[in-house]
Amino acid sequence: MSGDHTNRPVHGTAAGDAYVALPPTAVDAVPSGATRLIVAWPGFDPPRTAGALATAIPMTGVPVWRVYLDLPGRSPGGLGSGAILETESIEAYCAAVENAVERLPDALAQIRRDLDVPDGPVGLAGFSAGGAAALLAVARGAVPVSTAAVVAPVVAPARAARAVEKRSGRERAWSEHAVALADRLDLGSLAADIAGRDAPVLLVGGAKDRVVPAREITALRDELRRHGGRAESTTFRMAHALAAEPGTEPRPPITEAVRVDGVLTDWFRDRLATAAPGAAASETARPGAGAGAAEAEGDTQPMARRHGSWTSGAQDAEDAQDERTGAGLGHGF
2 MSGDHTNRPV HGTAAGDAYV ALPPTAVDAV PSGATRLIVA WPGFDPPRTA
52 GALATAIPMT GVPVWRVYLD LPGRSPGGLG SGAILETESI EAYCAAVENA
102 VERLPDALAQ IRRDLDVPDG PVGLAGFSAG GAAALLAVAR GAVPVSTAAV
152 VAPVVAPARA ARAVEKRSGR ERAWSEHAVA LADRLDLGSL AADIAGRDAP
202 VLLVGGAKDR VVPAREITAL RDELRRHGGR AESTTFRMAH ALAAEPGTEP
252 RPPITEAVRV DGVLTDWFRD RLATAAPGAA ASETARPGAG AGAAEAEGDT
302 QPMARRHGSW TSGAQDAEDA QDERTGAGLG HGF
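For what it's worth, my numbering labels the leading residue of the sequence shown as 2, then goes sequentially.
Think of the hints as simulated: they come from the structure by calculation, not from any bench. Keep in mind that this is a model prediction, so the values were computed, not measured. Think of the CB as a built atom: it goes at the ideal place given N, C-alpha and C, for glycine as much as any other residue. Check the hints yourself; a few may be wrong.
Claimed, not checked - Distance ranges between label pairs, derived from CB positions:
#1 V180 - S33: 27 to 35 Å
#2 D187 - E103: 13 to 21 Å
#3 T14 - A276: 31 to 39 Å
#4 E172 - D117: 50 to 58 Å
#5 E177 - N8: 49 to 57 Å
#6 E246 - H12: 20 to 28 Å
#7 A159 - T61: 18 to 26 Å
#8 P106 - T26: 46 to 54 Å
#9 H178 - A276: 50 to 58 Å
#10 E250 - D120: 27 to 35 Å
#11 G34 - E89: 29 to 37 Å
#12 D184 - V28: 45 to 53 Å
Construct all of the structure, not just a fragment, from the sequences and the given hints.
This is the structure we're talking about:
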C-alpha cells in the first residue's frame, strides 16, 4: 500500500487484485449515513484498469472513499471485438466477473484495514464487465450494499456475442461449458434477486453503444421495477468505451466520461451525502454534474429527474425515434 491518507490516492492490493483509492476530499458535503466507501470495477473495454477508471470517473464530489479495483485476470480482447466469439475469451470474461464477486468480501476487508474505514454498507459501481460484476454482487448479497450505479453493464453476454456475429459474419465457437457460464451471467434472469436486495440502482446506457444497446438498459430497468426494485436509468449519446484505446493507463478523461462522472457523482451524493454545515447552495454545483445527454451536439437541455427516472428531455425524443427505426442503438439485438 502506498499514498497519503489525507488527500492523495492510495495504491494497494486486496485479495490479489490491485486497487486505487481516492480519498474523500469534497468540501461541500459530508457522509449522511454508514457508507464510507464505494467500490468500482473497470471493464474489458477502455477503461480496462483500476487506474484508468479512477481517472475517467473520479466522482470527486462524493465525500466517501472511491476505491477502483481491478477485475481478476487479464482481458484477451474487448467485448465488441471478434475475441468474444471464442470460448477462451468468453470463459475469461465469465471468470473475471464471477471471481470479482467471490473475492469482494476479502478484498473489502483488506481495503478497510488499509484505509482505516469502519464496517458498514458500501456503494458499488462499475463499467461494462465491471458493471455486471457490481449487479451480480448485489444479486448474490456478497456484501451489504446501500446503492449501486453502473455504466453500460453487460446485461447478457450471449446477446453481446450475437451482435458481434452479425457485424462480423462469423459464428461463435463456444463450448457447452462456455454457454452455461454465459447464461449464469444473464442479468435479466437475476432481476428478482437484484431487486430483492432493496438497493437503489442507476443504469447508464449509450445510444450509440453496439455492445450493450440502450434498449437493453431500459429493459433491465423495467424488469427490476417489475420485481419491486428501485431502479432508474439514463441514456447518453455515446458508444461503449469511456476512454480511448488502449485504456490501460490513466489519461485525461474524454467528454463522455466527464458527463457520466457528473451523473454518478450526483447519484451517490443524493444517497450517501448531505451538505456540509455552512456550505452555500452554489458550492454544491460540480462541473459536468447533470450534463445533458445531447449536450455534445449542441443541445443544452439539462439532465433532470422526471417521473422518477434520470433522463434528458432531448434524449427521450431521440430514443423514441431510435426504437421505431432501429437507428443509433447497435445492430440486430
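Structure-based check of all given hints:
A hinted range of 27 to 35 Å is violated for the C-beta pair V180 and S33, which are about 44 Å apart. For the pair D187 and E103, the beta carbons lie near 18 Å from each other, so the given range of 13 to 21 Å is met. For the pair T14 and A276, the beta carbons lie near 36 Å from each other, so the given range of 31 to 39 Å is met. A hinted range of 50 to 58 Å holds for the C-beta pair E172 and D117, which are about 52 Å apart.
A hinted range of 49 to 57 Å holds for the C-beta pair E177 and N8, which are about 52 Å apart. Between E246 and H12 the Cβ separation comes to about 24 Å, which falls inside the hinted range of 20 to 28 Å. At roughly 37 Å, the beta carbons of A159 and T61 sit outside the given window of 18 to 26 Å. Checked against the given bound of 46 to 54 Å, the beta carbons of P106 and T26, roughly 27 Å apart, lie outside it.
At roughly 52 Å, the beta-carbon separation of H178 and A276 lies within the given 50 to 58 Å, and the hint holds. Taken as a hint, the range 27 to 35 Å holds for the pair E250 and D120, whose Cβ atoms sit roughly 34 Å apart. A hinted range of 29 to 37 Å is violated for the C-beta pair G34 and E89, which are about 43 Å apart. A beta carbon spacing of about 47 Å between D184 and V28 agrees with the range 45 to 53 Å that was offered as a hint.
Violated hints, in rising order: 1, 7, 8 and 11; the structure is consistent with all others.
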